[in-house]
Each structure stands twice: as structure tokens, then as C-alpha cells.
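**Student:** Residue strings, one per chain:
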Amino acid sequence: MATIRIPTPLRPYTNGQSDLTVSGETVGQVLDSLVQQYPALRPHIFNENGELRPFVNLFIGEENINDLQGTTTPVKDGDRILLIPSIAGG
Amino acid sequence: MTILSIPAELLQELSHHLEVAYPDEGAGFLLGESQGGLRRVRAILPLPNAREPSARHNRFLITPQDYAQAEQRAAQEACDVLGVFHSHPDSPNIPSEFDRQWALPYFVYLITTVNQGKATHHRVWLLREDRSAFDEIPLQTGEEVISSSYPSPIS
Numbered sequence: 000m001a002t003i004r005i006p007t008p009l010r011p012y013t014n015g016q017s018d019l020t021v022s023g024e025t026v027g028q029v030l031d032s033l034v035q036q037y038p039a040l041r042p043h044i045f046n047e048n049g050e051l052r053p054f055v056n057l058f059i060g061e062e063n064i065n066d067l068q069g070t071t072t073p074v075k076d077g078d079r080i081l082l083i084p085s086i087a088g089g
Numbered sequence: 000m001t002i003l004s005i006p007a008e009l010l011q012e013l014s015h016h017l018e019v020a021y022p023d024e025g026a027g028f029l030l031g032e033s034q035g036g037l038r039r040v041r042a043i044l045p046l047p048n049a050r051e052p053s054a055r056h057n058r059f060l061i062t063p064q065d066y067a068q069a070e071q072r073a074a075q076e077a078c079d080v081l082g083v084f085h086s087h088p089d090s091p092n093i094p095s096e097f098d099r100q101w102a103l104p105y106f107v108y109l110i111t112t113v114n115q116g117k118a119t120h121h122r123v124w125l126l127r128e129d130r131s132a133f134d135e136i137p138l139q140t141g142e143e144v145i146s147s148s149y150p151s152p153i154s
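Chain order of the listed sequences is A and B.
With numbering that gives the first Met the number 0 applied, the first sequence corresponds to residues 0 to 89, in that order.
With numbering that gives the first Met the number 0 applied, the second sequence corresponds to residues 0 to 154, in that order.
None of these hints come from the bench; they were simulated from the model.
As the structure is a prediction and not an experimental result, all values here were calculated from the model.
Even glycine gets a Cβ: it sits at the ideal position worked out from N, Cα and C.
Some clues are possibly wrong.
[Said to hold, decoys possible] Stretch by stretch, here's where chain B covers chain A in the computed footprint (C-beta under 8 Å, at least three residues):
(1) 1-9
(2) 53-59
(3) 81-87
[As the list claims (entries may be wrong)] One side of the interface only, derived from the structure: several residues of chain A facing chain B at Cβ under 10 Å:
(4) Tyr12
(5) Ala39
(6) Pro42
(7) His43
(8) Asn48
(9) Asn63
[Unchecked claim] Across the chosen pairs, the derived CB separations fall in these ranges:
(10) A/Gln35 with B/Glu51: 36 to 42 Å
(11) A/Glu62 with B/Arg72: 40 to 46 Å
(12) A/Arg10 with B/Gly141: 25 to 31 Å
(13) B/Pro137 with A/Thr20: 35 to 41 Å
(14) B/Pro137 with A/Arg4: 40 to 46 Å
(15) B/Pro137 with A/Ala39: 35 to 41 Å
(16) B/Gly116 with A/Gln16: 25 to 31 Å
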């Protein structure tokens, strides 16, 4: 099991919890478990095509998963995953 | 109903940051506390626009690293990151489609028109739960309401 850190604007969808314990052998599986437990999170993490929204950044420790294997990056017991949004607009 | 309350001196400080950024877009975070529907700003965190220079006139970006620092600072001050402020240089302070695509729920989005280098009008917006559009929410400075409901521009 890994823990995933939820940023402030998404905590209303996790009953106010900031750190969640979630199962999964890859980052993608962890995210699937997360949105199964908290379905209201889904539209804010994934777009209509099931792709990660552009503001979603995931780090294992200090490493961005985009610099690893993306959503297929393996997750070990005790890993801490940080979900940190980029903020953009125009 | 959600209302954003910000002290006049913080609104002035925020305006100054956006005027200095002109003709580029400026941006930063609003820190404070939520009490029911009232979001009360206690501090602002002006940040550099991390977009490439050629895009900064109509785009802004705050990096994940800056976001993480904002959450850290909010935790130190026993408050929350309430939302984001940014400018629309020489343009209406209405959220763009790009704003909607990148918006986060719960956050308030304060948008300021900066006309010819001068911050002139502020409006505040909240993303709908289904992400389909923004709704405008009132902005209070002290007891004064300086912005109230308008039709949503994106539907």
C-alpha cells in the first residue's frame, strides 16, 4: 500500500482527508483505486477520454513520474505519492 | 453562496504585483481561511509567471514546486490556499476557455483587468462542480461589495 497526498482543492472530494492509503502496483493502478474509493474525484483528475488532466502532476518522493515510466511507474509498499497541481490560465 | 473577502490593502498589494507584470500576465495565490461560504484572505503570495516569455502576454503558469511551497506556507500560518489571482492585460476579467480547462474545483479565481498598466477591475469566479463553466461570486473589501452576480460567460 502507498499513501497519496491530496492537494487542498481536491480534499472536499476525499472527506477532507489529505493523506490516503491506496493499493496498486503502479501509479495508474493507485489512481484507479483512488477514484473508485472517491468517485467525485474522477472528473477533476481524468478528462472525458480517461486521460490525466493537464494540471495533474504526480511525484514519487521528489521524482516526477513523467521522468520515470509515467502511469506505469511501479509503486512499492510505503511509497509516498504527491499529487501536486500546476496552476495555469490565460 | 461563496463570497471572497479581501482587505483593501491586500487588494492594493495584489494590484501592484499585476501592474508590475504588465504587459505580461501576473499571478499568485490567495491564502486564508474558509468559514462556511466565506473565504477570507489573510495573505497573498505573488509569484513569477513561469510561462515562456513569448506566451506571457496571454498565459500564466505557476509550477508544482511553487504550489507545494504555497501549501507549506499556508500550513505554517495555519490557513489554506484559497485560490489564485491573475491578470488579463488590456482584456475583460472574464475567464477564458483555457482558464476553465485548467481550473481546479473549490479554488476561487480572482481575475483583474490591467488596462494600460493600471489595475482597474476585479471579479471573482468559481468553477462549477461539473466543470462546465464558471460562476461569478461576490468580492468584498471590508464591508463593501465591489462585485456581485453577473451571468456566467461560459456555458
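**Student:** Does each hint fit the structure? Answer for all of them.
**Tutor:** Verification of the hints:
1. Residue count for the segment 1-9 of chain A with a Cβ under 8 Å from a Cβ of chain B: 4. That meets the three needed, and the coverage hint holds.
2. Here's how the segment 53-59 of chain A fares: 4 of its residues keep a CB closer than 8 Å to some CB of chain B, so the rule of at least three is met and the hint holds.
3. Here's how the segment 81-87 of chain A fares: 6 of its residues keep a CB closer than 8 Å to some CB of chain B, so the rule of at least three is met and the hint holds.
4. Using the Cβ-Cβ criterion of 10 Å, the hint placing tyrosine 12 of chain A at the interface with chain B is satisfied: the shortest such distance is roughly 8 Å.
5. Taken as an interface hint, alanine 39 of chain A checks out: its beta carbon lies about 8 Å from the nearest beta carbon of chain B, inside 10 Å.
6. For proline 42 of chain A, the shortest C-beta to C-beta distance to chain B is roughly 6 Å, which falls under 10 Å, so the interface hint holds.
7. A distance limit of 10 Å between C-beta atoms decides the matter here; for histidine 43 of chain A the minimum to chain B is near 6 Å, and the interface restraint holds.
8. Checking asparagine 48 of chain A against chain B: minimum C-beta separation of about 13 Å lies over 10 Å; hint violated.
9. A least Cβ separation of about 8 Å between asparagine 63 of chain A and chain B falls short of the 10 Å threshold, and the interface hint therefore holds.
10. The given range of 36 to 42 Å is respected by glutamine 35 of chain A and glutamate 51 of chain B, whose C-beta atoms sit roughly 38 Å from each other.
11. For the hinted restraint 40 to 46 Å between glutamate 62 of chain A and arginine 72 of chain B, the CB-CB distance of approximately 23 Å leaves it violated.
12. One distance hint, 25 to 31 Å for the beta-carbon pair arginine 10 of chain A and glycine 141 of chain B, holds here, with the actual separation near 29 Å.
13. Range check, proline 137 of chain B to threonine 20 of chain A: about 39 Å between beta-carbon atoms, so the 35 to 41 Å window is met.
14. Distance hint check for proline 137 of chain B and arginine 4 of chain A: the Cβ-Cβ separation is about 32 Å, which falls outside the suggested range of 40 to 46 Å.
15. Between proline 137 of chain B and alanine 39 of chain A the CB atoms are about 26 Å apart, so this pair departs from the stated range of 35 to 41 Å.
16. As the Cβ distance of glycine 116 of chain B to glutamine 16 of chain A is approximately 44 Å, the hint placing it in 25 to 31 Å is violated.
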